[in-house]
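These are the residues of each chain, in order.
Number of protein chains: 2
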Amino acid sequence: MKISLDPNTWAMPSPVWIVGTYNKEGKPNVMTAAWGGICNSRPPSVYVSLREATYSHGNIMERKAYTVSIPGDKYVKEADYIGIASGRDHDKLKETGLTPIDSDLVDAPYVDEFPLVIECKVVRVEKLGLHTMFVGEIVGIRADEDALTNGRPDLQKIRPILFSAGDRGYHSVGHRLTDPFTQKTPTKQVP
Amino acid sequence: MKISLDPNTWAMPSPVWIVGTYNKEGKPNVMTAAWGGICNSRPPSVYVSLREATYSHGNIMERKAYTVSIPGDKYVKEADYIGIASGRDHDKLKETGLTPIDSDLVDAPYVDEFPLVIECKVVRVEKLGLHTMFVGEIVGIRADEDALTNGRPDLQKIRPILFSAGDRGYHSVGHRLTDPFTQKTPTKQVP
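Protein chains in written order, with our numbering: chain A, 1 to 191; chain Y, 192 to 382.
Straight line, CA to CA, 27 angstroms or less: simulated DSSO-like cross-link-like pairs of lysine-lysine:
#, chain 1, residue 1, chain 2, residue 2
1, A, Lys74, Y, Lys193
2, Y, Lys218, A, Lys2
3, A, Lys127, Y, Lys312
4, Y, Lys193, A, Lys27
5, Y, Lys193, A, Lys157
6, Y, Lys318, A, Lys121
7, Y, Lys348, A, Lys157
8, A, Lys127, A, Lys24
9, A, Lys2, Y, Lys255
10, Y, Lys268, Y, Lys348
11, Y, Lys193, A, Lys94
12, Y, Lys268, A, Lys157
13, A, Lys157, Y, Lys265
14, A, Lys24, A, Lys94
15, A, Lys77, Y, Lys348
16, A, Lys64, Y, Lys318
17, Y, Lys348, A, Lys2
Worth flagging that the hints you see were computed from the coordinates, not collected in a lab.
The structure displayed is predicted, hence computed values, not measured ones.
With the hints as constraints, model all of the structure from the sequences given.
Next comes the structure, spelled out in structure tokens:
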């Protein structure tokens with residue numbers, strides 16, 4: 001018998017992604033988003049959902065582009081700070097000592113220190129309520145060489161941070177459990 | 192200097208969620224989705240993105256409802272199987288020995304054995320390409336008592352599975368890193 005709880009954002013886990021944008025003057029800004037994920041395989045696409053009140057929301061509406069830089073868990077304090085302070089009155093990159101790099105594929109900067117970067121062009125904007133969802137087609141990926149295994153990003157090397165609103169915690173990743181798509185069946189899923 | 196990679200679904204981490212639906216005859220079906228996440232705080236909402244070819248896609252289009260049952264990592268083999276076999280020619284619940292329970296809030300069943308359940312009414316359907324995104328307003332949450340701490344779902348007790356398309360792996364969660372929103376700043380983020 002399960003316990004019934006009121007509706008809340010308690011699905012899990014959520015990622016901890018650093019969204020890179022330019023403001024009107026071309027100044028790089030970063031914010032932390034936990035409402036994000038992959039939403040389409042062809043064309044490969046992600047989304048981030050941001051409150052309209054955020055500085056980054058306006059930046060994305062203007063430039064129709066953003067990057068997602070994925071920090072390893074040694075950057076959890078920086079990620080937390082970047083999720084709290086606003087780019088309206090803080091240069092969070094300078095304050096945290098992180099380095100913005102201009103993407104040559106999209107009109108947005110990414111964070112050099114973070115091992116995996118997703119470069120996105122906004123293809124859809126959906127106002128859902130408090131949050132607006134920005135669906136971005138992935139037009140490029142950049143990764144540190146030591147974040148790759150056989151040319152593909154490796155979660156165990158990148159060690160992304162997890163967020164859970166239920167317990168209000170950041171969590172690390174653990175060990176590799178198993179390979180997917182290994183059960184013998186008639187239908188193979190493209191996730 | 193980062194290495195450039197072709198566009199692919201290599202953002203991380205992704206969740207491993209079991210989507211519960213009824214078919215036309217009211218028979219419960221489950222499928223595994225890794226393209227899912229929280230996309231809005233008010234009203235609290237999640238999405239799952241499914242290929243149009245899946246059985247569950249048709250079920251959701253018909254009933255405009257689904258549940259997300261979140262398995263702990265001891266169920267990784269069941270989750271993998273449920274992601275491969277199709278409900279068109281398999282009763283995956285019976286085959287895996289899992290128990291469907293009728294939600295009394297939405298027109299969909301959930302999995303009794305999994306510690307956390309999100310019950311959703313579909314409020315938006317977005318065809319993005321290969322995948323269709325089903326945005327669901329969360330109308331209820333159910334959890335096992337031993338999955339909660341102070342009445343809230345606790346990731347360390349639930350131990351959800353992570354998926355990463357880059358390394359084609361399922362991974363476990365690790366340890367709690369820190370509390371979020373603890374840096375002293377002028378702007379507090381509602382994530």
